[in-house]
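Using the sequences provided together with the hints, build the complete structure.
Now for the letters of each chain:
Number of protein chains: 6
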Amino acid sequence: MFPGASTDRGHADFVVVGAPLDVSTTFQPGTRFGPDEIRKFARTFDDYDHRTGQYFSDCSVHDHGDVYAWDDAEEYVEYLEGVVTDVVWDDAVPLLLGGEHTVTGAAVRATDPDVFVCLDAHLDLREEYDGNPLSHATVTRHVLDVADEAIILGARTGSEEEWERAAKSDVTVVPPEDVADWQPDFDGTAYLSVDIDGADPAFAPGTGTMEPFGLSPREMRDVVRDVAETTDVVGFDVVEVNDRDDGQAASLAGKLLREFVFSHAGTTD
Amino acid sequence: MFPGASTDRGHADFVVVGAPLDVSTTFQPGTRFGPDEIRKFARTFDDYDHRTGQYFSDCSVHDHGDVYAWDDAEEYVEYLEGVVTDVVWDDAVPLLLGGEHTVTGAAVRATDPDVFVCLDAHLDLREEYDGNPLSHATVTRHVLDVADEAIILGARTGSEEEWERAAKSDVTVVPPEDVADWQPDFDGTAYLSVDIDGADPAFAPGTGTMEPFGLSPREMRDVVRDVAETTDVVGFDVVEVNDRDDGQAASLAGKLLREFVFSHAGTTD
Amino acid sequence: MFPGASTDRGHADFVVVGAPLDVSTTFQPGTRFGPDEIRKFARTFDDYDHRTGQYFSDCSVHDHGDVYAWDDAEEYVEYLEGVVTDVVWDDAVPLLLGGEHTVTGAAVRATDPDVFVCLDAHLDLREEYDGNPLSHATVTRHVLDVADEAIILGARTGSEEEWERAAKSDVTVVPPEDVADWQPDFDGTAYLSVDIDGADPAFAPGTGTMEPFGLSPREMRDVVRDVAETTDVVGFDVVEVNDRDDGQAASLAGKLLREFVFSHAGTTD
Amino acid sequence: MFPGASTDRGHADFVVVGAPLDVSTTFQPGTRFGPDEIRKFARTFDDYDHRTGQYFSDCSVHDHGDVYAWDDAEEYVEYLEGVVTDVVWDDAVPLLLGGEHTVTGAAVRATDPDVFVCLDAHLDLREEYDGNPLSHATVTRHVLDVADEAIILGARTGSEEEWERAAKSDVTVVPPEDVADWQPDFDGTAYLSVDIDGADPAFAPGTGTMEPFGLSPREMRDVVRDVAETTDVVGFDVVEVNDRDDGQAASLAGKLLREFVFSHAGTTD
Amino acid sequence: MFPGASTDRGHADFVVVGAPLDVSTTFQPGTRFGPDEIRKFARTFDDYDHRTGQYFSDCSVHDHGDVYAWDDAEEYVEYLEGVVTDVVWDDAVPLLLGGEHTVTGAAVRATDPDVFVCLDAHLDLREEYDGNPLSHATVTRHVLDVADEAIILGARTGSEEEWERAAKSDVTVVPPEDVADWQPDFDGTAYLSVDIDGADPAFAPGTGTMEPFGLSPREMRDVVRDVAETTDVVGFDVVEVNDRDDGQAASLAGKLLREFVFSHAGTTD
Amino acid sequence: MFPGASTDRGHADFVVVGAPLDVSTTFQPGTRFGPDEIRKFARTFDDYDHRTGQYFSDCSVHDHGDVYAWDDAEEYVEYLEGVVTDVVWDDAVPLLLGGEHTVTGAAVRATDPDVFVCLDAHLDLREEYDGNPLSHATVTRHVLDVADEAIILGARTGSEEEWERAAKSDVTVVPPEDVADWQPDFDGTAYLSVDIDGADPAFAPGTGTMEPFGLSPREMRDVVRDVAETTDVVGFDVVEVNDRDDGQAASLAGKLLREFVFSHAGTTD
Ligand SMILES: [Mn+2]
Ligand SMILES: [Mn+2]
Ligand SMILES: [Mn+2]
Ligand SMILES: [Mn+2]
Ligand SMILES: [Mn+2]
Ligand SMILES: [Mn+2]
Ligand SMILES: [Mn+2]
Ligand SMILES: [Mn+2]
Ligand SMILES: [Mn+2]
Ligand SMILES: [Mn+2]
Ligand SMILES: [Mn+2]
Ligand SMILES: [Mn+2]
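Respectively, the protein sequence lines represent chains W, H, X, F, B and G.
0 is the number of the first residue of the first sequence in numbering that gives the first Met the number 0; add one for each residue after it.
0 is the number of the first residue of the second sequence in numbering that gives the first Met the number 0; add one for each residue after it.
0 is the number of the first residue of the third sequence in numbering that gives the first Met the number 0; add one for each residue after it.
0 is the number of the first residue of the fourth sequence in numbering that gives the first Met the number 0; add one for each residue after it.
0 is the number of the first residue of the fifth sequence in numbering that gives the first Met the number 0; add one for each residue after it.
0 is the number of the first residue of the sixth sequence in numbering that gives the first Met the number 0; add one for each residue after it.
These aren't lab readings, by the way, just hints derived from the structure by calculation.
Warning: the hint list may mix true and false statements.
Computed cross-link-like contacts, EDC-like style, restricted to lysine to aspartate or glutamate with a CA-CA straight-line distance of at most 16 Å [to be verified]:
| id | chain 1 | residue 1 | chain 2 | residue 2 |
| --- | --- | --- | --- | --- |
| 1 | W | Lys167 | W | Asp180 |
| 2 | X | Lys167 | X | Glu126 |
| 3 | F | Lys39 | G | Asp65 |
| 4 | B | Lys167 | B | Asp144 |
| 5 | G | Lys167 | G | Asp147 |
| 6 | F | Lys39 | G | Asp90 |
| 7 | H | Lys167 | H | Asp180 |
| 8 | F | Lys39 | G | Asp35 |
| 9 | W | Lys167 | W | Asp147 |
Below you can see the structure in the form of structure tokens.
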């Protein structure tokens with residue numbers, strides 16, 4: 000259980016769902032252990048949040064546990080969409096713990112946001128990767144079949160085709176250097192996805208593909224707070240954490256999830 | 000390049016093929032780094048082999064490099080079968096470096112042996128695993144579509160269905176305790192596959208699924224020598240090595256490959 | 000949850016209790032992560048056991064989860080004794096996952112065996128260690144306040160005072176070299192405790208104090224089987240596993256627990 | 000020996016004391032190896048300091064070695080207080096190497112400062128933690144029995160009760176974002192304590208409880224320099240370093256100790 | 000092969016040369032694995048570079064492979080100089096992958112630059128280190144036998160003699176705090192050497208001697224871009240990467256090499 | 000200090016000398032940390048030895064500390080010979096902690112034994128390695144300039160030239176399979192050298208060049224006991240331990256040193 004996520008499912012405003020898919024991880028695998036690692040390193044965090052004056056265990060968070068993953072990403076994502084749809088029907092906000100970024104597609108389809116806001120080193124705008132249309136490197140592309148626009152914060156690499164796709168009007172790319180000054184400015188509902196590789200590798204070495212020159216944890220935190228406090232967020236995830244570092248990536252992931260909950264809970268109380 | 004595998008492809012009697020597939024790895028992933036690790040830890044081995052009086056670099060081994068793997072195991076295995084078939088048509092013996100055990104299927108189809116001899120903790124006789132008929136846990140089952148019989152040495156676990164399948168006349172299971180006394184006693188051509196998890200985890204912790212109570216390295220070595228020296232072996236592999244230990248699994252894997260080459264080369268000179 | 004330990008508490012014949020105490024660990028700490036590690040590395044094991052023809056998930060095992068540990072070992076052990084006593088009153092056999100060896104004291108007091116059988120590199124017969132009468136190094140001494148005799152298998156080190164205590168008639172020490180030939184030969188009920196450092200460090204490097212020249216996994220397994228099958232065992236534990244290796248210690252620990260359950264369940268069916 | 004700390008005890012202006020207590024470490028244990036790690040990673044530092052034009056080996060530092068720790072934190076801290084008191088009576092400044100933060104209590108009682116300045120992610124203002132009044136999480140609370148005021152730099156988490164305690168007039172909390180602009184501005188003697196978890200986890204992953212959004216090494220260094228150069232510091236420590244990273248935490252800890260010595264020595268020459 | 004460095008030697012504008020010397024590494028050895036690690040972690044990078052609109056594989060880079068190192072640093076550096084000289088005679092820019100910093104001497108002698116620009120935590124201006132005039136700690140000193148001036152960016156430590164040498168007119172030291180504002184402003188040809196320990200240890204823990212308070216990756220990147228775009232660079236290297244972290248140092252090194260190529264190729268197209 | 004080695008130099012029968020040379024280590028470096036690691040992992044061993052009824056701290060062992068190593072192996076070995084000669088002149092038995100095997104040469108020249116007994120995976124009979132006549136791979140060759148004969152136990156690999164040299168009458172090679180049955184049977188004084196890679200890699204992964212199919216710890220222990228108890232041993236070392244495993248190699252090394260002392264001390268009391 001994510002520490003403090005002890006609310007009954009029936010009364011929960013937020014539902015943590017572990018989604019340990021690890022099939023298309025490009026380089027260093029291990030995202031299957033991501034949900035476990037995030038929960039483990041969150042054990043050390045104080046229940047109380049001084050900034051918002053709230054207790055995490057009072058924020059009505061339930062931990063659904065993991066949706067056990069198998070090799071068929073397509074089937075898995077479809078099944079996961081069902082699980083997340085149940086959360087949505089229960090009027091709760093899903094909080095996915097990845098797993099590879101592919102799992103975000105399930106949650107986006109289940110939550111049907113207007114805007115997709117993403118912290119990521121990568122554009123993830125490919126049509127396919129190694130012939131796989133369900134690779135983690137295509138997730139934002141697929142999300143745009145559901146959402147009207149995508150805002151990718153911290154992106155610093157992609158193929159030429161991805162950058163061309165990113166140049167279209169429904170995509171906004173905020174380079175790492177400009178993230179500190181970014182403020183959410185859009186209408187409609189939003190989904191917020193945190194690919195932990197948006198951070199500089201020093202802060203999250205435990206991820207599949209390290210991409211230097213990235214974001215600082217405070218920059219990521221401020222984006223999470225701003226989006227959670229000023230927009231209508233229907234879903235959240237943190238993905239691409241693996242077990243190959245000394246806990247840095249998982250610690251950061253757990254903190255960002257908590258920041259989201261504290262900030263969002265604050266808006267609805 | 001595997002150290003000493005410097006013979007030109009045209010003159011090679013053995014061809015090393017890296018097959019870093021890592022899609023269905025059940026628990027701890029990382030077999031995609033197996034071929035690299037095996038080549039790296041083999042750098043320390045003497046070129047000369049005292050027992051057989053041969054130099055590895057004189058044994059006519061070529062390293063083809065890796066067949067880059069992608070997410071679609073079915074397509075990959077088919078493609079890999081083509082690569083290995085080319086080796087066979089060149090009258091060379093393929094030496095696969097896995098990658099997950101699934102890749103063995105490609106080499107077996109390319110080499111078409113009468114008997115499949117396997118060192119493995121697992122029976123790998125499932126029809127499917129998590130709905131995947133191409134999982135590493137099904138490889139021996141599929142191999143029996145090609146080979147007439149399978150001999151599984153060191154197997155100590157499996158599902159009830161696998162054990163029932165293993166009870167049929169075309170499968171022989173030699174439990175770990177009896178491997179030291181086993182001698183090859185069959186006619187026809189053989190393919191020899193080494194799943195490194197046949198070893199006790201102390202000797203090969205860097206593998207996907209550790210299974211205690213396994214074989215000692217010398218027991219595995221003696222099987223390799225015996226099969227290579229007394230039977231007509233048409234192909235060899237060592238699989239399921241990952242990068243999650245301190246080199247023990249890769250060291251052992253590289254040594255077993257060399258033992259195979261020294262022993263087999265000795266029979267044909 | 001220990002994989003397969005999914006029986007309801009009310010119907011369980013065995014109850015897994017995690018006891019992650021890590022206060023007096025002498026050298027390399029980390030036993031607080033032992034229960035997690037053991038459960039994690041047990042995920043890869045087949046549910047089915049070929050030797051006994053049983054499924055682990057049919058063996059009526061419940062996982063109580065962990066009894067959260069705090070710094071006061073004395074209070075903790077007392078509290079833990081209560082938890083284990085509840086298990087005993089429910090007519091189930093407790094299966095402790097340590098945690099430092101100290102936790103065994105709680106289970107022994109709760110189960111009140113006649114004979115204490117222990118696999119351990121150490122005698123653990125001190126009166127106190129660094130002034131602490133509740134150190135893991137005193138556990139067998141304290142156990143002898145409850146049990147009539149102690150049999151320590153694989154012990155190879157201790158203080159002079161411990162060896163003198165071991166020379167008394169209520170203690171039998173079986174050195175590592177003689178464990179393979181040992182057979183249980185006593186009357187009354189037994190408690191079986193596995194300190195994972197009984198194994199040679201190659202097989203269980205993830206423990207607080209490595210002591211070379213130890214037991215092989217098969218020797219430990221055979222002791223577990225023999226005791227479970229031929230004697231009246233009222234409790235079992237496996238302790239002193241930490242998170243400082245590549246999973247070898249946890250894999251072995253999980254297997255030994257399963258061997259105990261399969262063997263003991265076989266006796267009662 | 001801390002590299003360069005080769006002055007005789009009788010002539011020393013600073014005395015390094017290792018205090019490897021590791022009993023109440025909340026999450027990831029290993030602070031018992033902190034003093035060793037800090038000394039090891041300090042081997043690579045130049046003896047000469049360009050900024051101050053001094054040699055560390057000329058700064059009159061003696062290394063007392065470690066005060067061997069045992070399980071009873073209360074007794075240990077009392078004993079340690081005696082050791083540090085001897086240092087004070089010899090007119091030397093104690094430099095503690097932790098060990099858990101608890102050890103700071105001993106040095107503060109021995110040095111009796113007016114102001115306690117602390118770099119820490121945590122408030123450490125609990126009355127007790129898990130029932131333990133001597134937990135590392137209570138150290139600043141206890142220190143306020145001796146010192147008149149506490150200044151906690153970089154603190155970003157605590158319980159509600161701790162934040163209430165922190166709101167009293169004798170405590171000043173400087174959040175991480177404001178540390179760069181902080182300057183010491185108080186009268187009387189000071190004790191400076193560096194809990195390495197004040198740093199962002201990227202810079203010191205080897206600590207018990209990682210807390211993201213922390214300080215940069217230069218911010219910590221500037222605090223150390225400013226306090227050492229402008230106030231009357233009677234004691235210094237760096238604590239909560241363990242052996243679970245690749246040396247980052249220990250490197251930083253060793254540097255901060257040296258910065259303290261160079262800065263303080265400069266004031267007295 | 001460095002990913003994308005697939006141009007034939009005859010047509011190459013840049014030639015990668017691995018130089019895994021690891022003899023005088025002062026503290027934590029392992030630079031012998033540096034070239035391998037850098038190539039490995041560069042596999043994840045997109046071939047396309049958005050800033051310059053180029054593909055790395057179109058930048059005419061050839062990978063020569065490694066110049067196998069042996070124990071005699073003097074002979075090795077001489078031999079390596081020959082290899083690099085061949086690159087220069089072929090009108091290509093050498094890109095060395097270290098190995099210890101000593102190897103830079105070979106490339107500087109082969110390329111004969113006017114100015115030596117270096118990112119390094121250390122001055123490397125010793126005449127000898129432990130009696131060894133070919134230690135990595137002397138490399139900038141020796142380089143000044145060839146180049147007219149040296150600019151050392153990010154240096155923060157050295158012996159008193161080194162700082163005295165650095166005070167001469169042919170050496171410019173830019174402390175870490177000032178690197179962000181530095182711009183190249185010199186005439187003639189330049190050689191650019193990146194000792195990865197110029198970075199703060201958080202960003203490159205995998206190096207021989209960690210030195211806190213260092214550069215951020217973006218600061219290093221901007222130096223590489225500025226030098227490559229505005230000056231006549233005749234050679235480049237990145238050195239002192241080892242295999243003792245989780246890939247952070249190698250990732251950064253590979254990125255900086257690519258930034259150099261993209262920036263320099265842009266100037267010549 | 001090696002735990003228990005607290006006798007004054009003037010009264011010592013044994014003197015521990017750390018010799019952290021790490022220049023010619025062939026593959027995985029880190030032997031420079033060998034002495035530290037061995038001392039660290041020996042902290043857990045009981046002072047008392049039950050077999051011989053002795054306390055290690057009563058065996059008159061002094062720890063001289065490390066002889067700091069630099070890059071020039073020739074000079075270092077010469078200097079080390081002086082240090083060991085002092086030990087010999089003081090009528091004490093030197094106990095070297097390596098460092099690479101090269102350091103054995105110094106101790107052999109200082110102790111001038113008739114017979115050199117060695118546990119090693121390698122023959123170490125080269126005249127030079129990579130042009131280096133002082134490589135660790137030449138140590139037994141050089142030792143034969145001093146000793147009349149060499150007995151190499153557990154050797155399983157070497158170059159053809161080494162095996163030819165080994166066939167001469169002054170060398171006896173005992174293959175790993177025969178070590179259990181070997182008994183010392185020679186006249187004159189002996190020097191006993193333990194290259195930790197004589198063990199199978201499972202038992203000592205932390206060494207430069209892992210060579211599978213090696214000795215078990217008990218086999219090594221029995222050789223140490225037999226030689227120490229039945230022959231006139233003038234010197235002992237354990238070498239080639241590095242810091243790249245989880246402590247297995249260092250634990251074993253420390254135990255073997257203790258077994259030597261207990262066995263040898265027993266003969267002289
Ligand atoms: Mn992504
Ligand atoms: Mn990404
Ligand atoms: Mn298999
Ligand atoms: Mn298997
Ligand atoms: Mn015990
Ligand atoms: Mn024990
Ligand atoms: Mn603290
Ligand atoms: Mn803290
Ligand atoms: Mn340098
Ligand atoms: Mn440097
Ligand atoms: Mn040797
Ligand atoms: Mn050797």
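Verification of the supplied hints:
no.	hint	verdict
1	Lys167/W - Asp180/W	violated (22 Å)
2	Lys167/X - Glu126/X	holds (15 Å)
3	Lys39/F - Asp65/G	holds (14 Å)
4	Lys167/B - Asp144/B	holds (14 Å)
5	Lys167/G - Asp147/G	holds (12 Å)
6	Lys39/F - Asp90/G	violated (33 Å)
7	Lys167/H - Asp180/H	violated (22 Å)
8	Lys39/F - Asp35/G	holds (10 Å)
9	Lys167/W - Asp147/W	holds (12 Å)
The structure does not agree with the numbered hints 1, 6 and 7 stated previously, though it agrees with the rest.
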